[in-house]
Amino acid sequence: MKRSSDGALLFCEAAVEHHSPWKSIEKPSRVLSAHEHLRRCGLLRQCTVLTAPSASEAELREVHSQRHIDEVVRLSAAVGDDPHNRTLAEPDGRGGVYYTAAADEAARRACGCVLEASRAVLQPGARIRRAFALVRPPGHHAGYDDTEGHRAEGFCFYNSAAVAAACVLRSGLAAKVAILDWDVHHGNGTQRLFYGRQDVLYLSIHRMGRGYYPQTGHNDEVGEGDGVGLNVNIGWPGDGLGDADYMAAMELVVIPVLLSFAPDLLIISSGFDAAEGDVQGRMNVTPKGFGDMMCRVQQHVCCPIVASLEGGYCEPVLSLCCEHVLRALLGMERDCSQRRQAMHKLTEPTLREVIHIQQAHWPSLRTQEERTHNYFLAAQQDSKPTRSSSRVRKAWPVDSSAASKKRHQKKASSSPKASSAAR
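Every letter in the sequence shown is one number past the one before it in our numbering, and letter 314, counting from 1, is 314.
Among these hints, one or two may not hold up.
For each label pair, taking beta carbons as the anchor points, the in silico distance ranges come out as [to be verified]:
no.: 1; residue 1: D264; residue 2: V49; range: 44 to 54 Å
no.: 2; residue 1: L44; residue 2: E370; range: 37 to 47 Å
no.: 3; residue 1: G42; residue 2: Q359; range: 42 to 52 Å
no.: 4; residue 1: G225; residue 2: E369; range: 25 to 35 Å
no.: 5; residue 1: P363; residue 2: S33; range: 38 to 48 Å
no.: 6; residue 1: A175; residue 2: Q381; range: 37 to 47 Å
no.: 7; residue 1: A77; residue 2: T367; range: 49 to 59 Å
no.: 8; residue 1: S171; residue 2: R67; range: 21 to 31 Å
In short, the hints are calculated from the structure, not lab data. C-beta: ideal position from N, C-alpha, C; glycine also.
Could you build the full structure based on these sequences and the hints that come with them?
In structure tokens:
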């Protein structure tokens, strides 16, 4: 099937150099295996492949302090393979973040890819309107400086989505940017950076509860100052949620808010650790489910879209998720229909709470009470609710055959840099 519009893929080979000599789930094979899978599927031939330079220090300073940048540079240069230095470089505990000699450059290249993708889709008369940045390390946990709650953490050094958003706003390519984050972990860095801004809308669908990292992203965190109402959290207080639950969040909260905000650019922090088979999230979203969410967004949002890889650590399912999302971006998947699937018992109360909190800021949520009622009524008639479960189904092997294709988310502190740009 031909795509409806041209799309671009950005892949940074420099990411391979950043790898831990110790065992880590955040490793080069995450993107290497996904890239190879996309090649075997023939999707690389369907894309315009773009290259990008590393983000400059000035571009990084749009969201990060000079102190933060200097600290990443210093630790990257100092650490090497010395295990003693590695311990010193992990203020959040073993496994929170690891530094290597290539960490700073890999993170700059990831930022550069997302920024280049954003510029490409925003150029006047641009042929490319959709782009996917297959990058690592992830970025959405990185904040403004190196103080607690803002520093490099959760495998993240620089915040790629935030850098891209801030730079296109500064340059005038966009007046308003929305960031949709469906990584299973809350993007605490992204939220903090834009919490007081009125030109950036941040929406996050993530898991909460029982000390789940990073323990931010409560539903009542709505922004402050000029940014009140422009921070929308959908925090699931448990595990085991799947396609029907995430699509309900999209239909009842995300899409109505996006339509009201009317961004000039939508950046999707596309983490896949909520995927079925990824033990980090213990969720049950299928690769097709992620593709359906992307498809649904494209049906309603007219602005250019850039998706950027965040988390996702089960490599076989990560590759399939990348495939389905890229197919949707290229217009090769138009069927967003959901199979009849049980809705989790946490879904309705969670979404009703979010709607109740956010309707003061979004009139579109106030006027859809009947639609919300009918949505959940239809779901109840379809099937009985499922119980929360910590069990995760076995991941599929990476296979592009027809058979496999059938199988195929503390209070925030204030923003360090508030904007006075018009909403």
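Hint by hint, which ones does this structure get wrong, listed from lowest number up?
1
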